[in-house]
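Visitor: For the record, the sequence lines run as chains A and B. Going by our numbering, the first residue of the first sequence is number 1, and it counts up by one from there. Going by our numbering, the first residue of the second sequence is number 1, and it counts up by one from there.
Check before you lean on any hint, since a few could be wrong.
As the list claims (entries may be wrong) - Derived pair list, reagent style BS3-like, types lysine-lysine, alpha-carbon separation capped at 27 angstroms:
| no. | chain 1 | residue 1 | chain 2 | residue 2 |
| --- | --- | --- | --- | --- |
| 1 | B | K186 | A | K363 |
| 2 | A | K278 | A | K61 |
| 3 | A | K258 | B | K139 |
| 4 | A | K363 | A | K339 |
| 5 | A | K363 | B | K139 |
No lab work stands behind these hints: they were computed from the structure.
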Amino acid sequence: MKKSYLVALGLVAGAALSFVGCDKNKNVVVGGVAPLTGEAATFGASTKNGYDLAVSEWNAKGGVLGKQVQLVFADDKGDPAEGATVFTKLIEQDKACAILGTVMSKVSLAGAPICQSAKIPMIATASTNPKVTGVGNFVFRACFIDPFQGTVGAKFAFDDLKAKKAACLFDVGNDYTKGLSEFFKAKFTALGGEVVGFEGHATGTSDFKAQLTKVLAAKPDVLYVSDYYSDVAIIAKQARELGFKGPLVGGDGWDSPKLTEIAGPAIEGCFFTNHYAKEDKSPIVQEFVGKYTAKYKAAPDALAALAYDATNIMLDAISRAGSTDGAAIQGALVKTDLKVVTGQVKFDGERNPVKSAVIIELKGGQQVYKTTVAP
Amino acid sequence: MESIFSPQQIVNGLQLGAIYALIALGYTMVYGIVRLINFAHGDFFMVGAYAAFGSFFMFNAFLPRGNGLAFIVLILAMAAGGLIAVLTDHFAYKPLRYKPKLSSLVTAIGVSMLLEYVFSAIPAIGPSPRGFPEILPKKMYHFGSAEVSNYVIVDLAVAAVLMIGLTLLIQRSSLGKAMRAVSQDKDAARLMGINVDRIISLTFLIGGAFAGAAGLLAGLTYPRIQPYMGILPGLKAFIAAVLGGIGSIPGAVLGAFIMGIAETCATAYNSLLGEGIAFVILIVVLLLRPSGIFGEKTADKI
Numbered sequence: 001m002k003k004s005y006l007v008a009l010g011l012v013a014g015a016a017l018s019f020v021g022c023d024k025n026k027n028v029v030v031g032g033v034a035p036l037t038g039e040a041a042t043f044g045a046s047t048k049n050g051y052d053l054a055v056s057e058w059n060a061k062g063g064v065l066g067k068q069v070q071l072v073f074a075d076d077k078g079d080p081a082e083g084a085t086v087f088t089k090l091i092e093q094d095k096a097c098a099i100l101g102t103v104m105s106k107v108s109l110a111g112a113p114i115c116q117s118a119k120i121p122m123i124a125t126a127s128t129n130p131k132v133t134g135v136g137n138f139v140f141r142a143c144f145i146d147p148f149q150g151t152v153g154a155k156f157a158f159d160d161l162k163a164k165k166a167a168c169l170f171d172v173g174n175d176y177t178k179g180l181s182e183f184f185k186a187k188f189t190a191l192g193g194e195v196v197g198f199e200g201h202a203t204g205t206s207d208f209k210a211q212l213t214k215v216l217a218a219k220p221d222v223l224y225v226s227d228y229y230s231d232v233a234i235i236a237k238q239a240r241e242l243g244f245k246g247p248l249v250g251g252d253g254w255d256s257p258k259l260t261e262i263a264g265p266a267i268e269g270c271f272f273t274n275h276y277a278k279e280d281k282s283p284i285v286q287e288f289v290g291k292y293t294a295k296y297k298a299a300p301d302a303l304a305a306l307a308y309d310a311t312n313i314m315l316d317a318i319s320r321a322g323s324t325d326g327a328a329i330q331g332a333l334v335k336t337d338l339k340v341v342t343g344q345v346k347f348d349g350e351r352n353p354v355k356s357a358v359i360i361e362l363k364g365g366q367q368v369y370k371t372t373v374a375p
Numbered sequence: 001m002e003s004i005f006s007p008q009q010i011v012n013g014l015q016l017g018a019i020y021a022l023i024a025l026g027y028t029m030v031y032g033i034v035r036l037i038n039f040a041h042g043d044f045f046m047v048g049a050y051a052a053f054g055s056f057f058m059f060n061a062f063l064p065r066g067n068g069l070a071f072i073v074l075i076l077a078m079a080a081g082g083l084i085a086v087l088t089d090h091f092a093y094k095p096l097r098y099k100p101k102l103s104s105l106v107t108a109i110g111v112s113m114l115l116e117y118v119f120s121a122i123p124a125i126g127p128s129p130r131g132f133p134e135i136l137p138k139k140m141y142h143f144g145s146a147e148v149s150n151y152v153i154v155d156l157a158v159a160a161v162l163m164i165g166l167t168l169l170i171q172r173s174s175l176g177k178a179m180r181a182v183s184q185d186k187d188a189a190r191l192m193g194i195n196v197d198r199i200i201s202l203t204f205l206i207g208g209a210f211a212g213a214a215g216l217l218a219g220l221t222y223p224r225i226q227p228y229m230g231i232l233p234g235l236k237a238f239i240a241a242v243l244g245g246i247g248s249i250p251g252a253v254l255g256a257f258i259m260g261i262a263e264t265c266a267t268a269y270n271s272l273l274g275e276g277i278a279f280v281i282l283i284v285v286l287l288l289r290p291s292g293i294f295g296e297k298t299a300d301k302i
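If we strip away everything but chain A, and leave its shape as in the complex, we get:
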């Protein structure tokens, strides 16, 4: 009786040990984070597709360090608290050696300290707030940052749209939209324009009429709306209802097919700054657009492109590092010099990539490439 008990125990223990062993050696585990639900849900879906596409390409070529890459995906729901939970889970439970993501700055800001203290390198895909990489030397990003985006928006509004008066609307609970508006204001004023309204709104509200009525009373030529697409759509509709006829200008938070779907004619002839345009004729962009469209039956947006780039930058660094050790990967990431879909990527001292932005116009319910602005 006692003997068989011991044998059984031994068998169980042995089985458990062998599981741990094989799990550790078989794959290179990389964590992927994006908001699949919540206010930025379409960003999450494209981002996940971008990760998956890049990982499947690497695996088809034999993986990295001679092993297959295993992407463990987690939904951050666009919520900083949820983001902190899934970052911790990926590092401690899934033993990810690197993290891709996430999209929203406020969520990346919650995840970054966790990666930094665990010494696990992360590449935020579309988090453009400067503070994100400021968290520490293990935090990188694949996109340009708010100062650049806000500055480009202001330059475009002043030079190309000939606007003299602008008003800004942003979400006070969101570092990204607040940052963009602040940098827009600084640049627009420096160029000689006047910012006649600068109004925040609460996160999750659907009633922007009070703020809009207030800023529109000062008769701005341009409305700079740095929100995400679902807010932008409602703001555009309500602004038109209050009689505003000029263009709205915004940032990469607008990049979603839902924007034109919800806003309809209200958003016609408006502009936003973005990371890439799928009409760009360069071969690397066209190859990516072709592969993505074939796999997902939809054209890739900038979020997908950035996720794809982040994955390639990370896996390239892991293969150059020759190990899955966090510090080694970090060392390789710093020396990155890689041509990716959204441009030639080199990291500056703050671990931000140096690259260009494009301006996109919304015309006939479609995104149309307008121009490229170099840094």
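Following the hints, position chain B against chain A.
Guide: Using the frame of chain A, we list chain B on its own:
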């Protein structure tokens, strides 16, 4: 200062107030009859918005956008709001009717969360926000310096018609007399041959239907709906009902319009103030006049 109290801001405030009023009526009626703060009421509003969303796509297949379609959608949104309210009462509150008040109150919070999470879990609805369709073609009118869309007129008209109908029902009909009797003394009403349970169901039906109508109007006015959309408007309408004197029907309407205008003007003054003004009002009312504007003095604790 001029832009804070401009005619346009007052129009914005009235529009918001009309939606709050329809929700606040349900709070106040249910409280008047069963002395229950129905915290799931904001979610009946959400159910109404989704019912309107669904019925629009069902009927738009063979009806053009316009008044006829809007009327059908309104009826269905009200039906859905009323139905969910009656079901909630039947399954969640009725078994607890003669138990301590706190049990029903906690149950109400539970029902609220249940509705929110079940709606996010249904794949056809999901947790992500959805754009609400323009059921009526949009038209703009100028009144002095204010831009008024036909949506503002629809919001105010629907709210006014429903509120007048409710007043007539309560003041003039025998059903209304029965409702008033139940709200004054359930046991005496029962002795007079009134079917108290039926009157309570009817109260939930009307309250829920009003919340459903508010859901449609909110969808039209602020065209984004999601399963959690009822939380804040529900809370603010509750505060409006407290401000007017909970249990009082004219109080709820007046409180709601005060709330709508206060919120809009506070937002215009400082965008951060707007979200908080409702709670400032709540604290001030509870400190200075806990029974509200029209409320009767009561020793009950909420």
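Visitor: Taking each numbered hint in turn, which are not upheld by the structure, reported in ascending numerical order?
Guide: Of the numbered hints given earlier, those the structure breaks are 1, 4, listed in rising order.
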